[in-house]
Amino acid sequence: MTTHDDSLALPKASLPIGLVILSLAAAVFLATGAYMAFFYAPSERIMGFIQKIFYFHVPAAWMMLLSVPLMAVGSIGYLITRRNVWDRISDAAVELAILFGVLVLVTGPLWGRKAWGVYWVWDVRLTSSLVLVLTLVACKIVRNYAGPSAKQVAAGLSVLAVLNAVFVWVSVDIWRGTHPPKLVATLEPRMKQTFWLCVLAFHLAYLALLWTRLRFGRLQDTLDELRNRWIAGARP
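Going by the numbering used here, the sequence shown wraps up at 261, each residue one higher than the last.
In short, the hints are calculated from the structure, not lab data.
Within a straight-line C-alpha distance of at most 16 Å, the following computed EDC-like cross-link-like pairs (lysine to aspartate or glutamate) qualify:
hint, residue 1, residue 2
1, Lys176, Asp246
2, Lys139, Glu69
3, Lys165, Glu120
4, Lys217, Glu69
Each pair of labels, with its calculated beta carbon distance range:
hint, residue 1, residue 2, range
5, Arg252, Met72, 52 to 58 Å
6, Val98, Ala50, 24 to 30 Å
7, Arg215, Val98, 36 to 42 Å
8, Gln218, Val98, 30 to 36 Å
9, Ala163, Ser39, 34 to 40 Å
For glycine and all other residues, C-beta sits at the position ideal for the given N, C-alpha and C.
Using the sequences and the hints, build the whole thing.
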């Protein structure tokens, strides 16, 4: 089945002013959040300095979980409309979900080494997060290498990823394993201020990365279409 092209016009070489402002804001808030995490927020009494990973681990997990339903919406939107814009949204979302998911899997064991004495335990919540990231990687691999049916298969995997993401979210409250419960409401005021500023910073960074990736995807689609037309026109 053919797809609908949104436009064959190449994106402007200069960056949109909105993207520039958003990127600068994200950089400023990320730098401010890092400063507050290490120099403003007090160290936790039991965990000490290593607890400061919390300010980056939790926002990264939220961005991963935010990206999964966006990926599914993009996949389903493409299957219904066959418009490339939906496919670009899905592709960008899965890449960002993997990016933030890897950050979660890196920062989590660093905290765990201090809390448990080992980098990893097969806790339900930890294992489900790992499975989610592996599912996202599978979605990306399928999109790139599964041939003509790639986007349909990726859409099915995206639905599975959404179910997994919901499981990861609710497991924090349901299973009382080694992973700590939700602690935001119990934070000391300076910790809470730092945490929410980091959450804002990660949201801004996510939006800036998403916007950039969508621009790149549009450029890539346009170049592919122009190349295909040139090849078709060059045939005898």
